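K.L.:
Sequence:
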Amino acid sequence: MQETNIPIDKLILLYIAEQAPGIRKSQLRDAALATLSMDYFDATSALDELISTHLLHVAVRKNEPVHDARGRAVERCELTDTGRTALDALEKQIPVSTKRFLSDYLIDGDLKRRLADTITATVEITATGHYRLTCRQSDENNSGLTLSLSFPTQELAQIAATTWREYSEDVYLSVINALVHGQQHDQDES
1 MQETNIPIDK LILLYIAEQA PGIRKSQLRD AALATLSMDY FDATSALDEL ISTHLLHVAV
61 RKNEPVHDAR GRAVERCELT DTGRTALDAL EKQIPVSTKR FLSDYLIDGD LKRRLADTIT
121 ATVEITATGH YRLTCRQSDE NNSGLTLSLS FPTQELAQIA ATTWREYSED VYLSVINALV
181 HGQQHDQDES
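Going by my numbering, the sequence shown opens with residue 1, and the numbers climb by one from there.
Incorrect hints may appear among the rest.
[Claimed, not checked] Mimicking SDA-like on lysine to any residue, the simulated pairs with C-alpha atoms at most 20 Å apart in a straight line are:
| hint | residue 1 | residue 2 |
| --- | --- | --- |
| 1 | 92 | 9 |
| 2 | 62 | 24 |
| 3 | 99 | 7 |
| 4 | 99 | 52 |
| 5 | 25 | 128 |
| 6 | 62 | 44 |
| 7 | 92 | 82 |
| 8 | 25 | 129 |
| 9 | 99 | 33 |
| 10 | 62 | 92 |
| 11 | 25 | 49 |
Read the hints as simulated data drawn from the structure, not as lab findings. Keep in mind it's a predicted model, so treat the numbers as computed, not measured.
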């Protein structure tokens with residue numbers, strides 16, 4: 001293959017995308033910034049150039065269940081075949097210390113990324129003009145908790161959705177405790 005001159009910033013972004021397929025665009029940028037090899041402007045510029053030159057594909061997946069805090073489906077990053085070819089040819093230009101750091105960073109962040117992908121909240125309008133919030137906490141088998149609530153306004157539903165995304169563990173434990181406590185309370189009165 002003809003060697004191409006790709007700046008190290010772009011190679012690092014390609015390397016991250018290869019190591020963490022389907023990584024969110026924001027998480028890709030965060031990982032790149034964590035290397036301290038580039039600033040936010042450099043990372044954003046390099047990412048945009050990789051996308052425009054078709055070395056990296058960034059898109060919302062069909063039926064993406066994960067939404068950001070604003071309720072938009074998250075964008076995922078995938079290395080294209082052309083990007084993989086370029087990375088294979090030039091990967092040795094990435095310093096070993098940077099690769100080692102990224103390996104540790106991505107392994108440590110894997111649980112957080114998977115957890116973020118298992119917590120979803122969607123808001124949709126109902127036929128009666130109310131807003132239905134559906135909160136989900138899924139595991140690998142797509143089992144877990146699904147909670148559906150109706151709100152009179154979109155603003156209240158969005159506030160609840162944000163609360164679920166940010167504090168799902170606390171909400172989940174509160175629901176479980178209320179259900180268990182309610183059963184114990186009924187048994188105590190018998």
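K.L.:
It remains to establish, for every hint, whether it holds in the given structure.
P.N.:
Each hint, compared with the structure:
1. For a cut-off of 20 Å, the pair hint linking residue 92 to residue 9 stands: about 14 Å separates their Cα positions.
2. Note on residue 62 and residue 24: the hinted pairing holds, with a Cα-Cα distance of about 14 Å set against a maximum of 20 Å.
3. Distance check on the hinted pair: residue 99 and residue 7 sit about 16 Å apart at the alpha-carbon level, within 20 Å; holds.
4. With a C-alpha separation of about 25 Å, the suggested pair residue 99 and residue 52 falls outside the 20 Å cut-off, and the hint is violated.
5. For the hint pairing residue 25 with residue 128, the CA-to-CA distance comes to about 36 Å; that exceeds 20 Å, so the pair is violated.
6. With a C-alpha separation of about 24 Å, the suggested pair residue 62 and residue 44 falls outside the 20 Å cut-off, and the hint is violated.
7. With a C-alpha separation of about 17 Å, the suggested pairing of residue 92 with residue 82 holds against the 20 Å cut-off.
8. Taking the CA atoms of residue 25 and residue 129, the gap is about 34 Å. The hint is violated against a cut of 20 Å.
9. A distance of roughly 14 Å separates the Cα atoms of residue 99 and residue 33; the hinted pair therefore holds under the 20 Å criterion.
10. For the given pair, residue 62 sits about 35 Å from residue 92 by alpha-carbon distance, which is inconsistent with the 20 Å threshold.
11. For the proposed pair residue 25 and residue 49, the alpha carbon gap of about 14 Å is at most 20 Å, so the pair holds.
Hint check: violations occur at hints 4, 5, 6, 8 and 10; the rest are consistent with the structure.
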